[in-house]
Structure formats: C-alpha cells, structure tokens
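Undergrad: Residue strings, one per chain:
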Amino acid sequence: MSAPPAVEDDARIVAASLGEPERFTGVYDRHYTAVYRYVSGRLGQQAADDVAAETFLIAFRRRADFDPGRGAVRAWLFGIATRLVAQHHRAEERHYRALARVGVDRPHGGDEDRVVAAVDARTVQPRLAAALRGLSSKERDVVLLVALADLGHEEIATALGIPYGTVGSRLNRARGKLRAALSTATEGQ
Amino acid sequence: MDELDALRMLAADPTEESVAAGRVRLEAETRGPARRRGRPFSMPRLTLFTGFGLTLVGAGAAAAVMMASGTATPRAPGTPSGADGTFMEVAAKADLLPSGRYWYSDQIQGQSYMQRPKTGPYAIFGAHSETYRFVGAQKKDGSGFWGRDLPSRPASPEDEAAWRRAGSPSSFRVWSNDHYYVYRDKATPWVNDQAGQGAGGEFTGFGFREKRAAGEKTTMTVADFAALPTDPSVLAKRMFPRLTGRAALDPLALDTMSQEQLRKLLENTASIPPRDMTPREKIFEAGSALKDSPLPPKVRAALMRALAAQPGIRTVKNTQDPLGRPGVALVADPVKRTVTGEYGTPKNEQGTYSESEELVFNEKTGELLSQQNVLVEPGGPYVARKAGSVLSYWIVRSGGWTNTKPHPPVKLPF
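If you're matching them up, the sequences are chains A and B in order. Counting along the first sequence from 1, when you hit position 66 you're at 66 in this note's numbering, and nothing is skipped either side. Going from the second sequence to this note's numbering is simple: count from 1 and add 1000.
In case anyone wonders, no lab produced these hints; they're calculated from the structure. Built from N, CA and C at the ideal position, the CB exists for glycine as well.
Keeping only pairs whose Cα atoms sit at most 25 Å apart, straight-line, the calculated BS3-like set for lysine-lysine is:
| no. | chain 1 | residue 1 | chain 2 | residue 2 |
| --- | --- | --- | --- | --- |
| 1 | B | K1264 | A | K138 |
| 2 | B | K1405 | B | K1291 |
| 3 | B | K1317 | B | K1386 |
| 4 | B | K1347 | A | K138 |
| 5 | B | K1237 | B | K1298 |
| 6 | B | K1291 | B | K1139 |
Some residues of chain A that are not near chain B, with every Cβ distance over 12 Å (derived):
| no. | residue |
| --- | --- |
| 7 | A11 |
| 8 | R12 |
| 9 | A15 |
| 10 | D65 |
| 11 | F66 |
| 12 | P68 |
| 13 | G71 |
| 14 | E154 |
| 15 | A157 |
| 16 | P163 |
| 17 | Y164 |
Just need the whole structure built from these sequences, with the hints factored in.
TA: Below, the structure is given as structure tokens:
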C-alpha cells in the first residue's frame, strides 16, 4: 500500500472531475488498493473485485455531492464501500464461515516472518472469523474500518455519519468482544 | 499479536486483473450518459469479476447471533424416550459408514423471521443459504468451498396460507440483529469462495476448545482422526472438558453483559469460576464435530453414545428434520433467551422466550441430519408461535466420503 495521498489533491481531483469526468480515474488510482483491501477482508477476494469497483462507480456518480468541508475523499469512499458491504451481508457471513472452517491459505515464503504469519493465520483466523460473526454489523463496520482501512476515529465518524464518541464506544465494545471470543468457543458454527 | 493485527491479516491486495477491470468499468462510466443504456464494456470480461457481489440481494443474519432472532415452523413433536437403548442402536449404525478419497459436506442454513401484515402474522425462513465443502484425504486432492443463497419461503403450511392471504409477496422485510433486511424468493448461482480453496489433507479439528482458546493449531489429518479414542467415556473427557479461565465465560451471558463487566472479567480471568459445559454447549460442540469433521465410524458412534449419556440431554424419537427426513433427536435442556432494545430492536421483536438446541439423526444410518434450534416456551418475538417451532436450522443435506471429486448439486433442496 502506498502512503495516504494528500487530502487537498483528492478534493481537487473530485472538483475537477465535475467538468472533466475522466479525471476521476485519479481517485481510483490513489485509493483502489486500500478500498479493495478493506472489502476483501470482509467479503473475500472474489466479491471484492466487484464491490471495490462498484464503490468508485457510485462515488463517481455522486461526485457532485462530495463536500470537502465534511471530511476527506478517503473517508467518503470508505463510507460508500461500507454501505455496499452492508448490502452483501450474506456474502460477508459466508466468507467468515469459509474462513472459520479452513483459515487462509497463503503461500509460504522463505522469509521466516512470513512463515510465522502464515502459521498464525491458520490458527487465529478461523477463531477470528467466528468471532466477527458474533459482532453486530455496526461494531464490525467500526473495528474493520480501523483494522483494514486504517481510518482514524474522526474519519470513521465522517464515513459512517455517526458521532465521534459513538466510534470510540463501538470500537471498545467490538475489541472487547473479539478478545473474549478469540478465547472462548463460539456458537452457531 | 492483538485482535487488530489479527484482523489486518484478513485483507488481501488486489490482483493486477482486478485493478485493471475496475478501472475499465470506471472509465466506461466516465465516458458519458450513453454508456448507461447500452453495454458499457464487454460482458465476458465483466462476468469474470461478478462474484457474490452484485447478484446478491438483501442481507443476512450473522449465524452466531441466530438464537437472538427468528420465528418458527413446527417440527414433528416426537416421542420422549426414557431409556437410551433406542439411541444406542442408532449410534451403532454410525459405526458402519464408509470411507473414500474425498470428504464433503453439503449444508443448508436457515433462520426464521416473523412477518406481521394486517392479514395476519406468519413466519418465513430467510438468511437461507447452502454451502458445499470438500477436502481431499491427501494434500494433492485439494479442497473447495461454494455458497449460494436459497429462496426465502413460508415456514410451514399454515404460514404459507397466511402468506397467500397477504398477497403472496416475493420479498420479506425482516428485523435481523440490528437492521432491517429484505429477503427474496430467489436463489443465486453457486459461487466458489477462494478462501475455501487449497490443499487437501487438513480437516476441521475435533473437540479442541482448549486448543482453540490457547490459539494452537486445530486442524487434523486423516491419521489424527484415526488415532482418536473410540471409548465413549474417554472421548467425552476430551470433548466436554471442564472449562477454566476465559473458556469458562458463558457465551449466553456475553449477550447481556455490559462492556465494563466484560472488561473487568477479562482483566482477571482467574476470577471466572471454572464450570462444566452446559448441555447446550455440548450439543454445539458435538454438532460441529459431526457436521464438519470426517470422524471415523467408530469415533462417530462413540461420540454419539457419549453425548446421549450426558446429563441434561434427552432422546426424542419419531421426529423429523426440516427436509422432512424422519429421525431421532438428542435434545438439550432449554435455555431462556431475552432480546433487549439494544441496537434499536423494535418493540415487537423484544422479550423473553425459551428454546433448546437439538441434533436429529437418521435412525437407519446414524448420520447427522440437522442441528436445529426449537422454540420451547413462546414469548417475546415468538409470542405468536407454537412450542416446537424451528427457529433456525443447520441441515446436513448430504455428506461423507466419496471416491468421485465432489461438486455442488444444481437442484434446490426445497
């Protein structure tokens, strides 16, 4: 992932795309990978191809509504992506179910860190996926925007249209439940 | 590694094809309004990237919270069985199941929801999906995982009559956990989930509560399964251990525990009193093993015997699973559930009821047919339902060992 692009540039590209629509591909080039990573963590890679692309189509169609005074382009995009993920709730549920069964198979590199990470993934991820299924979707939105999208509390408040304080309380609650569930058996598998 | 680091590992980078395909779609969109009427780009290419994504409608309940919502269809009432002799005969049948090159499991998950039109309430099954998984006995035989949505449907003949009175709607708006969702009467095609693809030889492990809690590896090989004890009492010790530390947290209590209470408990897990597993937890534990692990016939039979012998679990004869297949059930003592107004749950979905978790077995073969959650005392969201209504189910449509490479069936189960 590249470093987060400058906020002013993003906003300027969106504004320019009102007159020159093709300029909007600049937003895509800067943010597609980040949006994809977020969506792939929630829906799996196959669905992420579609949903990440759809995020930018929707953003493009609504670009006139983007208000830089209310936050960065990045938060706006993740808000759109999160609403799309909500429409694919069943795919999300099924993805976690698949992970809960099998873990993620990643290629092992020679590099020891990667091997350790892969071993961790095989043991932790099934439990983690099961634990995610136990969160409310509102809790999942917040904790996954933090973990997968690297958004700050302010950005999440903008993305989801919720008060700043609510972000913190949902995040605490979600993290507490994940910690607890990671070490207790989950029901409903 | 904390829970946020663990979550980060779920994300994957896009392939170059993904980046290119998304950009093509966006470029087509930016070329002007004409593109929306015709086909903006070549369809064959697009279909490559149509996953669960855009073909899906509505949304689903998290299965982990299944018990927290839903309504019901009556299952056959069944006959209580005092002595467990009958069930032991069923368990003996499980001893005879065959082996093969691939192990597969075709499972159906459904959750019932209440509809409350003016013409009279009825229940439907929504969040209805089918998943198909196979794992080869050996590494080279690979593994796979598919999923599809199944049509929502009225939960019973009575519910179907009420559904007709309501004008036979094709979509259903339901309250699920913390949102309204809309379920429809359409199926979607099978989708191959890449998360399920990989090598064969490793299966979902068995009776690993402690290992799971410790973060250790919980997959098993065919050889590991073959080495499992076949004595029911030895197996029971492993399967249903006394719970200590974090593992002793009661999952039902977590539903209603405040954040502050939970934090205090987790800061000092030694303060959590050790306890035995509840009958309900034993049903879940055994149900998972029977559904998701290739247990050798003798182990499967021993597990069934061990479960039937547990306190708080009774046998019910002459019942059936949601597909109408006759069977004999092992039923856990009921538990009381309360749905609160947290997460904005509407008033008519709140309240207290009791339910029990049960496993239904094929009497002739000893195979697990279904794990289901059944209403015992109507109340709260299910005040209008009859005792014995199925609130949610996890059906094993078919499964076991085969020598032919498994592939999901085209035919819909209902």
